[in-house]
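K.L.:
Generate coordinates for the entire structure from the input sequences, incorporating the hints supplied.
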Amino acid sequence: MDMNSFSPMMPTSPLSMINQIKFEDESDLKDLFITVDEPESHVTTIETFITYRIITKTSRGEFDSSEFEVRRRYQDFLWLKGKLEEAHPTLIIPPLPEKFIVKGMVERFNDDFIETRRKALHKFLNRIADHPTLTFNEDFKIFLTAQAWELSSHKKQGPGLLSRMGQTVRAVASSMRGVKNRPEEFMEMNNFIELFSQKINLIDKISQRIYKEEREYFDEMKEYGPIHILWSASEEDLVDTLKDVASCIDRCCKATEKRMSGLSEALLPVVHEYVLYSEMLMGVMKRRDQIQAELDSKVEALTYKKADTDLLPEEIGKLEDKVECANNALKADWERWKQNMQNDIKLAFTDMAEENIHYYEQCLATWESFLTSQTNLHLEEASEDKP
Amino acid sequence: MYETCVVLFLFRSVEHTDGQSVLTDSLWRRYSEFELLRSYLLVYYPHIVVPPLPEKRAEFVWHKLSADNMDPDFVERRRIGLENFLLRIASHPILCRDKIFYLFLTQVFFFYLADSRLKALNATFRVKNPDKRFTDLKHYSDELQSVISHLLRVRARVADRLYGVYKVHGNYGRVFSEWSAIEKEMGDGLQSAGHHMDVYASSIDDILEDEEHYADQLKEYLFYAEALRAVCRKHELMQYDLEMAAQDLASKKQQCEELVTGTVRTFSLKGMTTKLFGQETPEQREARIKVLEEQINEGEQQLKSKNLEGREFVKNAWADIERFKEQKNRDLKEALISYAVMQISMCKKGIQVWTNAKECFSKM
Numbered sequence: 001m002d003m004n005s006f007s008p009m010m011p012t013s014p015l016s017m018i019n020q021i022k023f024e025d026e027s028d029l030k031d032l033f034i035t036v037d038e039p040e041s042h043v044t045t046i047e048t049f050i051t052y053r054i055i056t057k058t059s060r061g062e063f064d065s066s067e068f069e070v071r072r073r074y075q076d077f078l079w080l081k082g083k084l085e086e087a088h089p090t091l092i093i094p095p096l097p098e099k100f101i102v103k104g105m106v107e108r109f110n111d112d113f114i115e116t117r118r119k120a121l122h123k124f125l126n127r128i129a130d131h132p133t134l135t136f137n138e139d140f141k142i143f144l145t146a147q148a149w150e151l152s153s154h155k156k157q158g159p160g161l162l163s164r165m166g167q168t169v170r171a172v173a174s175s176m177r178g179v180k181n182r183p184e185e186f187m188e189m190n191n192f193i194e195l196f197s198q199k200i201n202l203i204d205k206i207s208q209r210i211y212k213e214e215r216e217y218f219d220e221m222k223e224y225g226p227i228h229i230l231w232s233a234s235e236e237d238l239v240d241t242l243k244d245v246a247s248c249i250d251r252c253c254k255a256t257e258k259r260m261s262g263l264s265e266a267l268l269p270v271v272h273e274y275v276l277y278s279e280m281l282m283g284v285m286k287r288r289d290q291i292q293a294e295l296d297s298k299v300e301a302l303t304y305k306k307a308d309t310d311l312l313p314e315e316i317g318k319l320e321d322k323v324e325c326a327n328n329a330l331k332a333d334w335e336r337w338k339q340n341m342q343n344d345i346k347l348a349f350t351d352m353a354e355e356n357i358h359y360y361e362q363c364l365a366t367w368e369s370f371l372t373s374q375t376n377l378h379l380e381e382a383s384e385d386k387p
Numbered sequence: 001m002y003e004t005c006v007v008l009f010l011f012r013s014v015e016h017t018d019g020q021s022v023l024t025d026s027l028w029r030r031y032s033e034f035e036l037l038r039s040y041l042l043v044y045y046p047h048i049v050v051p052p053l054p055e056k057r058a059e060f061v062w063h064k065l066s067a068d069n070m071d072p073d074f075v076e077r078r079r080i081g082l083e084n085f086l087l088r089i090a091s092h093p094i095l096c097r098d099k100i101f102y103l104f105l106t107q108v109f110f111f112y113l114a115d116s117r118l119k120a121l122n123a124t125f126r127v128k129n130p131d132k133r134f135t136d137l138k139h140y141s142d143e144l145q146s147v148i149s150h151l152l153r154v155r156a157r158v159a160d161r162l163y164g165v166y167k168v169h170g171n172y173g174r175v176f177s178e179w180s181a182i183e184k185e186m187g188d189g190l191q192s193a194g195h196h197m198d199v200y201a202s203s204i205d206d207i208l209e210d211e212e213h214y215a216d217q218l219k220e221y222l223f224y225a226e227a228l229r230a231v232c233r234k235h236e237l238m239q240y241d242l243e244m245a246a247q248d249l250a251s252k253k254q255q256c257e258e259l260v261t262g263t264v265r266t267f268s269l270k271g272m273t274t275k276l277f278g279q280e281t282p283e284q285r286e287a288r289i290k291v292l293e294e295q296i297n298e299g300e301q302q303l304k305s306k307n308l309e310g311r312e313f314v315k316n317a318w319a320d321i322e323r324f325k326e327q328k329n330r331d332l333k334e335a336l337i338s339y340a341v342m343q344i345s346m347c348k349k350g351i352q353v354w355t356n357a358k359e360c361f362s363k364m
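Which chain is which? The protein sequence lines are V and S, in order. Counting from 1, one number per residue, gives the positions in the first sequence under UniProt numbering. Counting from 1, one number per residue, gives the positions in the second sequence under UniProt numbering.
Hints are supplied without guarantee of correctness; some may be wrong.
Heads up, simulated DSS-like pairs for lysine-lysine below, C-alpha to C-alpha not over 30 Å straight-line [as the list claims (entries may be wrong)]:
#, chain 1, residue 1, chain 2, residue 2
1, V, 346, S, 349
2, S, 348, V, 212
3, V, 243, S, 328
4, V, 180, S, 184
5, V, 258, S, 290
6, S, 348, V, 222
7, V, 205, S, 363
8, V, 222, S, 132
9, S, 363, V, 346
These are computed hints drawn from the structure, not numbers from a lab. These numbers come from a predicted model, not from an experiment.
P.N.:
Next up, the structure:
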């Protein structure tokens, strides 16, 4: 696949390509195109790691050039995500693929793992680029454009690890208070997120299981066809019929393989991304609750005259603004996220249905032509028998 | 030990060669009685490829299908197999006239004592001049048995996997339904799509049930391979018998010649005792020659009739084998075509379900 092309999303199935074309019609709105490709292994004395090439093409004025090419490793993506969460605590930041996959991982960097990760990283950056707010984030711009040494020095600025950890601890503690005063709409949102998370996790497991079963079915089918060829060696009168059956089975086998790859390209990554999204959403809820808790604690202090009350009203005013901003940001982003989720899920499942229809249509055609050839043969033989 | 009894309802007229028709009504038979009938046919029609019985125990089972002999599906398939066995005999030009077969269909008490000839079928022996046609046939029957066994084994594994694929989709149904409860716009689409996933998952049961019948058709020919081998063995037995008789005759002729000419080339007990205890009298020798000459005559008669018997057997056996070959080609071709028909039906069902599901998804 030519990753240098001006494509915001990777073409997967026919249906998603149609969607992509529609998207590109709105390309007069889109001015930032990013691709992630060419994973490369780097070996140092301390460690081995993979870097990915990131190509950015843009017409935006704030960028110094119209094309950039950089190399980034997973750690860099983690850094970017952290910075975005910091800057926009109640926006729904796109999820990153997991650091490790526990089950069935023998070698950390096997090809399938790298490819899956690369696709997910590509998606991650493009989702940020499509987000009305996040796309203008300064760290995002640096991530896309800075050379390796520039990025490391930039990373060193900003709050250190310890202070960030401290923030997290305080966040957890105070978010518990925030839950009590959570407005109704956010209660609803939270309920949705909890249930959605449950369901999408189940769907993820089911989809993975289907892939596994299809793979095992494919493995057995591969053996099934050739037996008929073997048989035809000892049957003079049934040679053609047996060979035809064998070739039908082989063709169905290939169709199964195609169905499997369709599943793994269209459905599985989408479902899995939403599993990660659901975790992300729970984090967003916590952060919102924490911001509210900050306000609530100050209000409490004022009410019960716990601390120095002179500066409190001003602080409270600032925090009230902060809470309002955070809530509004989340509400807007929530609507946007839900819309995207619906589209993505709808597309992914429609694709899966399409793959299955195509699979059965192919197999049907194969067996029907076999049947036709057999009945034609029969008619031929019958007419031969007539004197 | 109890076996399930198989009920046969035989509403058929049995026509004899004298044109007499008899209508029989229902009669109970168990599997072991069918085995007796078949043993009898094997012995009395050595040159016929005797139709095989369906399997006694369920083999080549894919895991969801019950391996239990009392399982109703297995019993039903066995019933069909036994019915098929009787129909095969009834449609065989020679076997259908058999009196014991008639008794099997009509008399309540049926038993047949195993013949010593049956035991002979399982003996091993070496034949000096095997008939190439029968050797080839034995070779073919070995190949047939091996390839069909292999095919049935893999088919069972494929069925197992296919079952898995279909059934896991059923899990979507439940989860979609639960998810639809929290979705406003997507809810209806999810719910109805879930229903179609359930339909898809449950469709596999009938599909695999049908395929089991196909497997049974193949199994019949797996067991027919054994019947072919039985004919070959019988032929070998006859051949062996013939060779032994010829050998015996040759040695007697040899002995006779030696006595007449006075030379002793062959080792015999009589020769030894003669050496030890002295020569026999001319009268004694004459007597022995006479006995031998009688035996030689008898032996020659026997050899002649055995040869005739052998040629008859080969002629009849080969006629039945030709008949069998045509039957086999017809039946196997039909079975393979029916397999294709089953696949077509499965595909059509699949297309329908997924088209419906796709519509639901696109409305989400």
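K.L.:
For the pair we were handed, residue 243 (chain V) and residue 328 (chain S), check the Cα-Cα distance against 30 Å.
P.N.:
With Cα atoms ~17 Å apart, residue 243 (chain V) and residue 328 (chain S) stay inside 30 Å; holds.
K.L.:
Between residue 205 (chain V) and residue 363 (chain S), does the CA-CA distance stay at or below 30 Å?
P.N.:
Status holds; Cα separation ~24 Å.
K.L.:
Checking one constraint from the list: CA of residue 258 (chain V) to CA of residue 290 (chain S), max 30 Å. Satisfied?
P.N.:
Distance ~88 Å between residue 258 (chain V) and residue 290 (chain S) Cα, so the pair is violated.
K.L.:
Is the straight-line distance between the alpha-carbon of residue 346 (chain V) and that of residue 349 (chain S) 30 Å or less?
P.N.:
holds (23 Å)
K.L.:
Is residue 348 (chain S) close enough to residue 222 (chain V), meaning Cα to Cα at most 30 Å?
P.N.:
holds (23 Å)
K.L.:
Going straight from one Cα to the other, do residue 180 (chain V) and residue 184 (chain S) come out at no more than 30 Å?
P.N.:
Measuring from Cα to Cα gives roughly 27 Å; hence the hint holds.
K.L.:
Does the alpha-carbon distance linking residue 363 (chain S) and residue 346 (chain V) stay inside the 30 Å limit?
P.N.:
holds (8 Å)
K.L.:
Tell me if the straight-line CA distance from residue 222 (chain V) to residue 132 (chain S) falls inside 30 Å.
P.N.:
violated (37 Å)
K.L.:
Can you confirm whether the C-alpha distance between residue 348 (chain S) and residue 212 (chain V) stays at or below 30 Å?
P.N.:
Distance of about 24 Å is within 30 Å: holds.
When held up to the earlier numbered hints, the structure conflicts with 5, 8 and fits the remainder.
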